[in-house]
Amino acid sequence: MPFGTFLPKEYSFFDFFEQHASTCVAGAQLLLHMLRDARAAAEQAQAMKEIEHAGDKITHHTMETLHKTFITPLDREEIRQLISGLDDILDFIDATSQRIVMYDLCEVTPDAQELGAVLLQATEQVQEAVRSLRQLKYPMDVLKMCVEINRLENEGDAILRKSMARLFKESTDPIYIIKWKEVYEFLEEALDSCEDVANMIEGIVLEHA
Amino acid sequence: MPFGTFLPKEYSFFDFFEQHASTCVAGAQLLLHMLRDARAAAEQAQAMKEIEHAGDKITHHTMETLHKTFITPLDREEIRQLISGLDDILDFIDATSQRIVMYDLCEVTPDAQELGAVLLQATEQVQEAVRSLRQLKYPMDVLKMCVEINRLENEGDAILRKSMARLFKESTDPIYIIKWKEVYEFLEEALDSCEDVANMIEGIVLEHA
Amino acid sequence: MPFGTFLPKEYSFFDFFEQHASTCVAGAQLLLHMLRDARAAAEQAQAMKEIEHAGDKITHHTMETLHKTFITPLDREEIRQLISGLDDILDFIDATSQRIVMYDLCEVTPDAQELGAVLLQATEQVQEAVRSLRQLKYPMDVLKMCVEINRLENEGDAILRKSMARLFKESTDPIYIIKWKEVYEFLEEALDSCEDVANMIEGIVLEHA
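Protein chains in written order, with the numbering used here: chain A, 1 to 209; chain B, 1 to 209; chain C, 1 to 209.
These aren't lab readings, by the way, just hints derived from the structure by calculation. Some hints could be false.
No copy labels: a pair is met if it fits in one copy or bridges any two.
Claimed, not checked - Below are the DSS-like pairs computed for lysine-lysine, each with C-alpha atoms no more than 25 angstroms apart in a straight line:
hint: 1; residue 1: K181; residue 2: K137
hint: 2; residue 1: K179; residue 2: K68
hint: 3; residue 1: K49; residue 2: K179
hint: 4; residue 1: K179; residue 2: K169
hint: 5; residue 1: K68; residue 2: K57
hint: 6; residue 1: K57; residue 2: K169
hint: 7; residue 1: K181; residue 2: K169
hint: 8; residue 1: K162; residue 2: K181
hint: 9; residue 1: K49; residue 2: K137
hint: 10; residue 1: K68; residue 2: K49
hint: 11; residue 1: K181; residue 2: K68
hint: 12; residue 1: K137; residue 2: K162
hint: 13; residue 1: K179; residue 2: K162
hint: 14; residue 1: K162; residue 2: K68
hint: 15; residue 1: K68; residue 2: K137
hint: 16; residue 1: K137; residue 2: K179
hint: 17; residue 1: K169; residue 2: K49
hint: 18; residue 1: K181; residue 2: K49
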């Protein structure tokens with residue numbers, strides 16, 4: 001009889017992680033759509049808020065389950081940090097999309113689209129890494145995904161610095177600069193949060209594999 | 001003989017929490033006064049610095065006591081995070097008031113006043129929730145306060161988004177925008193910190209009640 | 001036979017802390033050079049990136065070693081937080097230097113130089129405090145260093161508020177304000193991170209001395 005049969009409740013933590021990683025991918029997909037065509041931004045930002053609320057619920061449910069569970073498959077602090085890390089990714093994705101509406105950014109810069117595409121790739125890697133946590137049959141594969149997320153974060157960082165320099169060189173409108181600077185920064189923070197989650201997963205793999 | 005009689009030192013942690021929650025309420029009250037009438041802002045910001053230092057001292061004293069105490073009424077990490085969370089609330093309140101002076105903001109926007117009023121309510125709820133932690137006779141009441149703090153944070157978030165959109169629509173002065181954008185953001189971060197504390201308290205109640 | 005003879009591996013954590021504290025001092029020195037003469041900023045920012053990568057490697061190596069080590073000389077969480085705290089200092093120093101290049105800031109303000117000088121002093125104190133952690137023969141000396149770091153952070157905070165008020169009073173160019181405001185804020189965050197590390201060290205000393 002497999003190990004899991006005795007501990008169905010513990011396995012639910014991995015379900016929560018996967019569910020939340022899926023909301024992150026859904027959020028990053030919707031954001032990329034908004035960045036490519038912002039004409040329906042208000043409705044899309046509304047849909048994003050719903051994705052973000054779904055993520056909040058999963059986080060809340062995870063915490064509640066944690067308080068009710070005596071034996072956990074990972075350290076309690078690891079569970080707490082991993083679900084909060086996933087929540088951070090989604091929060092920054094949501095914050096980016098809210099800014100597009102708040103600042104009435106109809107024409108999105110190609111730089112923001114490039115960053116949004118890297119972010120989507122990063123969330124997809126996070127989703128795969130989170131999925132692999134459940135079994136840990138191939139720890140080296142998980143570690144490779146974490147390295148890839150780190151690479152994507154570095155790529156995003158380079159795009160950000162290039163975008164920001166361009167923004168300040170090509171625009172003379174300070175209000176335009178204020179708006180786009182903040183969008184770029186939120187995109188970067190979303191990517192940073194992906195890296196934070198990758199580092200947590202790496203730690204879990206090294207400890208448990 | 002009640003349990004507490006044997007453990008007077010442990011009970012002091014709850015005193016520290018209450019004292020710090022009181023500094024948060026005092027800070028939020030003073031900030032609302034400043035937002036309603038900023039003519040004496042310099043003196044008020046000075047008074048705020050003193051409140052903030054009082055908070056720092058309580059935090060420091062809590063940490064010191066924690067290191068000297070062997071048996072604690074809550075997990076050590078819970079104590080550390082709760083007092084740091086209260087400290088964050090006060091730091092953001094202080095940061096807001098410093099900006100009013102630094103940026104010479106004589107005429108405060110009604111949006112900032114509205115946010116300041118919600119923040120005061122949130123700190124008052126935090127104070128009540130912290131008080132109830134001591135006994136935990138009525139855990140459901142504490143959980144309701146936490147839900148109310150979350151509601152206030154959502155209310156504040158909606159006001160913030162409305163205020164920020166208005167700021168960018170109605171003003172054409174980028175320096176004015178930079179200043180008020182930052183004030184709104186600090187008010188929001190203060191509210192976010194109230195929510196963080198509510199989440200910590202909820203966790204403590206679920207674990208210990 | 002001294003205690004350390006049996007536990008050579010544990011001692012390596014103190015080596016990691018010292019190495020990372022050295023990268024922080026090296027970063028703060030290079031940053032002060034840039035702030036005093038920004039003509040070679042692009043090359044200097046490149047050199048800074050290398051220092052930052054060296055810090056990342058030490059952090060990563062510390063985490064790996066932590067996962068492989070069963071008995072640690074400090075709590076696992078203390079090790080994790082201390083090395084992350086040192087990493088934060090260096091990240092903010094690097095972020096400051098990147099901004100000087102990104103924003104093409106040829107003429108550095110005297111206020112930024114003053115802040116950079118205080119930051120260098122703070123990192124030097126952090127380095128000394130970290131060194132003293134290894135032995136803890138003179139715990140009072142370490143605590144004094146922590147107090148000094150707190151004093152430097154307060155000094156930096158006062159300079160920052162003065163600088164920011166001056167920036168908004170003397171400049172009418174919003175783009176200039178956006179750029180320098182961010183540089184000042186990153187310098188302040190680097191100083192804040194020094195204070196965070198000092199608080200961690202204080203905690204470790206109180207617990208272990």
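Evaluation of the provided hints:
1. K181 / K137: Neither. Shortest intra-copy (43 angstroms) and inter-copy (49 angstroms) distances fail the 25 angstroms Cα cut-off.
2. K179 / K68: neither (44 angstroms within a copy, 46 angstroms between copies)
3. K49 / K179: This pair counts as within: shortest intra-copy Cα distance 20 angstroms, inter-copy 27 angstroms.
4. K179 / K169: both (15 angstroms within a copy, 12 angstroms between copies)
5. K68 / K57: within (17 angstroms within a copy, 35 angstroms between copies)
6. K57 / K169: Neither: 43 angstroms inside a copy, 34 angstroms across copies.
7. K181 / K169: both (13 angstroms within a copy, 18 angstroms between copies)
8. K162 / K181: both (12 angstroms within a copy, 20 angstroms between copies)
9. K49 / K137: neither (36 angstroms within a copy, 36 angstroms between copies)
10. K68 / K49: neither (29 angstroms within a copy, 42 angstroms between copies)
11. K181 / K68: neither (43 angstroms within a copy, 42 angstroms between copies)
12. K137 / K162: For K137 and K162, neither the intra-copy (40 angstroms) nor the inter-copy (49 angstroms) Cα distance is at most 25 angstroms.
13. K179 / K162: both (17 angstroms within a copy, 16 angstroms between copies)
14. K162 / K68: neither (48 angstroms within a copy, 39 angstroms between copies)
15. K68 / K137: Between. Shortest inter-copy distance 19 angstroms satisfies the 25 angstroms Cα cut-off; intra-copy 28 angstroms does not.
16. K137 / K179: neither (46 angstroms within a copy, 49 angstroms between copies)
17. K169 / K49: Between copies only: 23 angstroms across chains, 34 angstroms inside a chain, cut-off 25 angstroms.
18. K181 / K49: both (22 angstroms within a copy, 22 angstroms between copies)
Violated hints, listed in ascending order, are 1, 2, 6, 9, 10, 11, 12, 14, 16; each of the other numbered hints is respected by the structure.
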